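Participant: Both chains come to you apart, so use the hints to assemble them.
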Amino acid sequence: MSDFTLSCPLPIAQRKTVVLGHGSGGKLSAQLIREMFLPAFDNPLLNRLDDQAVFEAGPARVAFTTDSFVVTPLFFPGGDIGKLAVHGTINDLTMSGATPLALGAAFILEEGFPMEELARIVASMADAARAAGVPIATGDTKVVPRGKADGMFITTSGVGLVAAGVNISARLARPGDKILLSGTIADHGMAVMSKREGLEFEGAIESDTAALHRLVAEMMAAGEIHAMRDPTRGGLGATLVEIATAAGIGVEAESAAIPVREPVRAACELLGLDPLFVANEGKLAAFVAPESAGRVLEAMRANPLGRDAVVIGEAVESHPGMVLLKTEIGGTRVVDLPFGEQLPRIC
Amino acid sequence: MKYLDEFRNHDLAQKLLAEIRRTVTRPWVIMEVCGGQTHSIVKYGLDDLLPPEIELAHGPGCPVCVTALESIDRAHALARRQDAIFCSFGDMLRVPGSDGDLFQIKALGGDVRVVYSPLDCLKVARANPAKSVVFFAIGFETTAPANAMSVWQARAEGLANYSVLVSHVTVPPAMTAILESPGNRVRAFLGAGHVCAVMGWEEYEPLAARYGVPIVVTGFEPVDLLEGILMAVRQLESGRHEVENQYARAVVREGNPEARRMIAQVFEPCDRAWRGIGMIPGSGYRLREEFAAFDAERVFDLDGIVSHEPEACISGLVLQGARRPLDCPAFGTSCTPETPLGATMVSAEGACAAYYNYGRRR
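Protein sequences appear in the order of chains Y and G.
Taking the working numbering, the leading residue of the first sequence gets -1, the next gets one more, and so forth.
Taking the working numbering, the leading residue of the second sequence gets 23, the next gets one more, and so forth.
If you are wondering where the hints come from, they were derived from the structure by calculation, not from laboratory data.
These figures come from a predicted structure and were not determined experimentally.
The beta-carbon is built from N, C-alpha and C at its ideal position, and this holds for glycine as well.
Fair warning: there could be bad hints in the mix.
What the hints assert, rightly or not - Heads up, incomplete: computed chain G residues facing chain Y, CB under 8 Å, no partners named:
#1 Gly67
#2 Leu68
#3 Gln126
#4 Ala129
#5 Asp133
#6 Arg135
#7 Tyr233
#8 Leu339
#9 Tyr380
Bound-form chain G, shown alone (with noise of 0.2 Å):
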């Protein structure tokens, strides 16, 4: 398969490798930030592969992992009306709220259906004028295009019955709030290559000159992860902190201007609790004030719901890159994708099921 075998490849990967080998002195923390990046890391074995010097913290880029509680549990409220249609990405069905999780709603009689894209929404919104079609807007900027496109047709067709329940989440005020941690460790990023895809990197320059960090946009491959990881050592080690493409072949400085567009005209910034790690400002997209319509926490009346969270779940020290899963004493007994104390053991993304969904069990 074009695009994929090329990054697979044996040979190019031992290279990299070995590059990696001659050019690294010390322990450097290098921190990919995307969920997607982790998995890759994990299930093809590079974190064994790599020299002992180069540590790789797992950053907080799982996009249901860092949906804040709180959210999770309005959406489990809206799945459970029964005049409703609650749509959502497929990995979210199984993290659990306060109690219980998408699933067993659906088990009980609610109408919780996967979609693929939020537009799929707007036609089962069609399908059904007497139901609220109601979705779980969740994600980075990755998402945010087509969750806002979903919003802006919604509005242009009339279609009263459809509402996004918003929980966005955004990627440079995360790595600021990392940067900005009294612990942090973290020494060099490989970007996130799809968010760049949509937001481009100039966002990130400021960042990597204010706090000396190498910033590398990095694809999901194994051999995008290496070459992106042998780009930040090799800027590491002179001594350089820079904006670096890797992904190449999806990303350009300046993004996908309509997706960005779109975005803009739908979303505004806010501030946003991320699950795990607490509030960083900024963080988030929310409706903007002519969209309100469309706003499932204004639709609906969702006050009174009281969270809680497990207190033996350090996903958010994980997702920080501050922990690993294995550090975790519930980790593999107490919480496994069974029975999930937090979203990181439960999400494709997230880095805790990575580890025990590839075996990293010692």
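Extracted from the complex, chain Y is given alone in its bound form (with noise of 0.2 Å):
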């Protein structure tokens, strides 16, 4: 979730239906949030739009998220929509500098969904509980008829301890900061979506569902962290477009620094897709403090979900709120949030 500045913003009244846009992660979501739950649920809280929100409960500090899960397909290459929940909730958590400590999980499950899927994802989301030793400590089943959900759906929340000392949030990245990237972008989503076409990349592209906890938990010990988001729905683009605009900062990145799987690549192109908007369900963009940069760049890449780890650009006091991409001929694009979907193109 997160705030924008839009230059001319329609009065969410003026769509009298809910668009898929609307769930794309990118303007519409946005426009969503800002005009109908922000005011309406207006708290402190809510309102700084991190991934999760922190507050204090007697001397401790507590991370606390929650996130629904509604892919198609509900396996795909690299994982299932189980494992995503599990993944997804933990890594919310994590990038407040959280340590993860419980789960909840929630599923609505349609009529003549075959015993079998289930158990084959409730299983996934077991190993992956187990494999992150954060356990599934609530949770919550309810069925609706045939042909009013599509399979199931999953809303995992999670809470978290945050450390004394600890502040990491979209608003407090600064000038200065580099700007660390975990490693390739657009895997998850090409998965996901040449699995639901049906697109002859199959096997060559997989999900990088993963959780982020024990990564973070070494790059907090190697350096100051300022700011720090997963980019899923959106991708990267709308990960620094966010965090630029929450702390009034400029970004400027570098195209050729950004690494894209060469598969991932191909089949961005073919689709007319742009893998910075592409999401990712295994990957952090951290905001670091430029003296402790390559001693946080050292720790992710001595963790295998950081092994391809870059620094892609830094962040700067002029043009807040923009993002700035160098590209690879050396001319500069501005990279603004998508406005919902991306749409395959035409020829």
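Facilitator: Have a look at this one:
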């Protein structure tokens, strides 16, 4: 979730119905949050618009988050909806520097859903939670009539603890910060899309879904992280814009520095999609104090989940809220939030 | 990636830029015809790197942008039908008609599906025999062969529940219209590489000769575009006006004979209205009489639809290269990708969307 300044927002009332773009992580999502949810729920914890809320409970600082998972297909190369639901919520907690403590999982199941598939998804969730060392401690199940849900939806919530002195939030990024990316982008989105559309890249492209809490712990031990996000829906492009906007800083990044796997790049080219706006589920972008950026990068590269970590750019004082990308051939482009879903080009 | 990396090479691009700077001696307006080229230019920041003498005018080659409002309104009427499955290329979904877009129709229960190829519609038609499956056949000569093929195959299979709403347009008549317009400033064209991959470039030779304009068939990557510009500038500076081919890895003079044959068998030329520009004689394709059973305009009653265009939109002038997106008072204020007044602000290939998305907001 994030806040953005738009040049000409359409009052929400002018759109009579919800459209798919409202869930895309782009401008329409931002608009829905800003004009519908924020005014209604108005409070300082929510208004910060981080991926999690961090609040004090007695002597402890608690991070709390929730996320819904509605992926089609439910099984895709490299993962499934259950694994995503566990990793996604762990990652949302982790991006505040929190140590995840426990998860909750709520299932909405469609009547007629095969028990065998449910068992596979539940086993996959259990594996993911066990491997991460974060228990699924509570849950809920609802069943809706056939045709009222797309197989199954999962909502996971999570709580974690934030150590004293740890303050990581999008609004805390500063000019001079180095921007570190933990690896290749667009793997998850293209894995799901190639499976969904029956395109023939299957096998070569796998989702990057992973729990990042151990990687983050090692990064925090190595240096000073100001802001951090996992670029899920909306991709790295949206994440950079969100942080630039929240912190009131400019971002300057190098297109050539951003790693994209060959088959992923080929799939994006074929469909006319920009990998910058395609979802990831096991990557993070961190704004790190320049003095410790080298050490944090080393720590990232020492962890398998950060093996391909790179510095992609830095935060600057000029053009606050704007992300500039230096292109391969030496030109410059502005990176803006995508409007809604990216649409394949006609030719 | 082979055929991409070398055409996005920094050093090669810089060498071409230096050569363009060395060659150019006075101002020239060069139009890139295709919207895909416009997007590359803005996405890679080429326009900022070129010497000030060279002005790129963005052409009419964005297929969804130039699809007439009347056609879009007809498409929307079909998509609203309970008995229909309406199939479209993805970037058509957000183009505004007189009343909303296909996304809104989908949200209200219309069965609207994005396809990557018109042949996918045939699968949909076979799987849904009780429904009418309509494909919105738009685009230039690039999409025409596959669109024609879908009709050809539907007839061969006797697939009675498939039809196409045809709103095809062709490039050479549009270039002629631009060259004939009294205020025309365009002195050279970068020809649309993929259109020429289908059609070849014979039909551009009379244009180059008659109007004295260089036409360089050009690809879509930054190095392609810079090389195409360099070739055009060399012609302009030496007073030549020929058709040249920069996109040699994809285009030959006679184009793709199979594809051309398929187009000619299924379609015939017709007059066509272009959104924002108006009627251009001989600039469209329609289905030949023997394929009337697959023509959605004859299968369904689509009369009585009244279309109205927002007044503030100057997309017609933008599509002719007469104005740039930034010249429009509505650009970035009342017209944004969220609230597009015209299709040029919507499509992946529209000039206004390219400027907006890649940050040309000065």
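Participant: Each hint should be assessed against the structure and marked as holding or not.
Facilitator: We went through each hint and held it up to the structure:
1. Gly67: With a minimum Cβ separation of about 2 Å from chain Y (threshold 8 Å), the hint on G:Gly67 holds.
2. Leu68: 6 Å, holds
3. Gln126: 6 Å, holds
4. Ala129: G:Ala129 check passes; min Cβ-Cβ to chain Y is 4 Å, inside 8 Å.
5. Asp133: 14 Å, violated
6. Arg135: Interface hint status for G:Arg135: violated (12 Å vs cutoff 8 Å).
7. Tyr233: 26 Å, violated
8. Leu339: 21 Å, violated
9. Tyr380: Since chain Y brings a Cβ to about 4 Å from G:Tyr380, closer than 8 Å, the hint holds.
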